[in-house]
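Converting from the sequence shown to the numbering used here requires adding 7 to each position, the first position being numbered 1.
To be clear, the hints were calculated from the coordinates, so they are not data collected in a lab. As the structure is a prediction and not an experimental result, all values here were calculated from the model. Note that beta-carbon positions come from the ideal geometry of N, C-alpha and C, so glycine has one too. Keep in mind that a hint or two might mislead.
[What the hints assert, rightly or not] Result set (PhoX-like, lysine-lysine): computed pairs, CA atoms no more than 20 angstroms apart in a straight line:
hint : residue 1 : residue 2
1    : 422       : 392
2    : 156       : 131
3    : 376       : 392
4    : 422       : 376
[To be verified] Distance windows between CB atoms, simulated:
hint : residue 1 : residue 2 : range
5    : 271       : 179       : 35 to 45 angstroms
6    : 295       : 366       : 32 to 42 angstroms
7    : 271       : 331       : 21 to 31 angstroms
8    : 366       : 311       : 22 to 32 angstroms
9    : 421       : 192       : 16 to 26 angstroms
10   : 436       : 159       : 25 to 35 angstroms
11   : 191       : 259       : 24 to 34 angstroms
12   : 158       : 249       : 38 to 48 angstroms
13   : 123       : 340       : 38 to 48 angstroms
14   : 366       : 183       : 33 to 43 angstroms
15   : 418       : 272       : 22 to 32 angstroms
16   : 422       : 311       : 46 to 56 angstroms
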Amino acid sequence: YHRFPLTIKANFTMKLNSSSLLLSLGITSCNAFVPARLNNIISKNHASFASLYSTTAGDSNTITEDSLVEDITAPAPVSASISIGDEEMKRQLAKKQLFGLIGTKPLRETAGYADPILADPTTKEPLQISTAGTLVGGQSSTSMKVLLKSSDSTFQGRSSTYFDLLSDSSLENKVKEEERERETGSDSASRRFPDALNSLLVFVPPPLRGVFSTADNDYIPMRDLFTSPQVSFAYERGWRQGFAAAGFPGADKEYELVKEYFMPVNPEVVIDMSCATGLFTRRLAKGGDYKRVLGCDYSDSMLSEARRRIEADSDLKNGNGSTKIDLIRCDVGNIPMQTGSVPALHAGAAMHCWPDLDAALSEIHRVLKPGGRYFASTFLAEYFKNVALSSGDTVNTQAFQYFESTEMLRDLLLKAGFENDKIDIEVLGTSCCIIRAEK
């Protein structure tokens, strides 16, 4: 009636229970907001849609964006004859007709291109990247599905969240896992969630955690700590600021140190490894010195919070600014990047959280270009000893790696392949280590 454009989001799920009644109510109730031409079409075919979606009590039909990939090849004409005996086929045809009416076309995949940095986490083969999005009313959704393919595996993500490049996250591995679960009858859900006590303990900063620990539960695995949604929420709301007690100079000063160290190599791409909520990812992007910044983290909740903060920043939301930001879910011990492809890599307050330091530092050395630079900050063990004294806990119950000295850090870097004369380690305050290393 008003001729206002209709906006229909692609990432939705419609569940039609007692479908004839529900569809009937849905169509008649929205007629007032539908342009006259489409309104007439719906009115003429109302009975057909209602009969097509008639199901027995308790049955349902779910329409999701992913199901469109499989089920919709083209919008079927509204006048298509319905003479199919199989109920499921009738529902699929009705689905095509329904989306044909509202102007929705199937997911369309763009031609792929080889990413100059990203690689299959297992084979290190360059990934071919393509996008697939639902066209609604002739316009693409702002949230595009992204497919990242090697010769053996397909990974996926969304432009509005992150790309999942953990080695076991490929579509092929997920299919195998589902098949194993069906065969064994195992319940994977029980393996996905930590127990209630751990989920609460990870929210407590290290200085206070000893107060809550028990004889049966006095250790929190490193990944449980930083994959917790509670910590993701708290990270920039006081947690990171608490690092000042160790001598960390604060995010603004740390960013200046990073920028100064990277400047001589003039990198177009910078990796922010273990980016957490994107504190430095955003700073690196807003500085305008780099064409692309990749924020990488193992934690789904950290990356989700990072994307939320990016979209809340007017200088960065919706791709604003001169720097492209990609968020990547990955394991620092198995970095999904091509060998010798990265000119500069930053890891702020991160090394003490990595489960396998040897693997992580070796991977960082591998992905750096010759002459590429690595800048990192971390804690000396002295900080955690002070935390333990103040909390009444023991150092061993802290969920971190412990670096007793700068010599220990130097040895780790040498073992990873860095040369001694290209390593510089500086101590700020009592326990903040600044590491600069060049390949």
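Hints, one by one, checked against the model:
Note on residue 422 and residue 392: the hinted pairing is violated, with a Cα-Cα distance of about 26 angstroms set against a maximum of 20 angstroms. For a cut-off of 20 angstroms, the pair hint linking residue 156 to residue 131 stands: about 12 angstroms separates their Cα positions. Our distance criterion of 20 angstroms between C-alpha atoms is broken by residue 376 and residue 392, whose separation comes to about 37 angstroms. The suggested pairing of residue 422 with residue 376 holds, with an alpha-carbon distance near 18 angstroms, which does not exceed 20 angstroms.
Between residue 271 and residue 179 the beta carbon distance is about 42 angstroms. The supplied range of 35 to 45 angstroms therefore holds. Range check, residue 295 to residue 366: Cβ separation about 34 angstroms, and the 32 to 42 angstroms hint holds. Distance hint for residue 271 and residue 331: a CB-CB separation of about 23 angstroms, consistent with the stated range 21 to 31 angstroms. With their beta carbons about 26 angstroms apart, residue 366 and residue 311 fall inside the hinted range of 22 to 32 angstroms.
Separated by about 49 angstroms at the C-beta atoms, residue 421 and residue 192 break the suggested range of 16 to 26 angstroms. For the pair residue 436 and residue 159, the supplied restraint of 25 to 35 angstroms is violated, since their beta-carbon distance comes to about 48 angstroms. In this structure, residue 191 and residue 259 break the distance hint of 24 to 34 angstroms, their C-beta atoms being roughly 52 angstroms apart. A hinted range of 38 to 48 angstroms for the beta carbons of residue 158 and residue 249 is consistent with their spacing of about 46 angstroms.
Range check, residue 123 to residue 340: Cβ separation about 23 angstroms, and the 38 to 48 angstroms hint is violated. Checked against the given bound of 33 to 43 angstroms, the beta carbons of residue 366 and residue 183, roughly 24 angstroms apart, lie outside it. In this structure the hint that residue 418 and residue 272 lie 22 to 32 angstroms apart at CB holds, the actual value being about 25 angstroms. Between residue 422 and residue 311 the Cβ separation comes to about 34 angstroms, which falls outside the hinted range of 46 to 56 angstroms.
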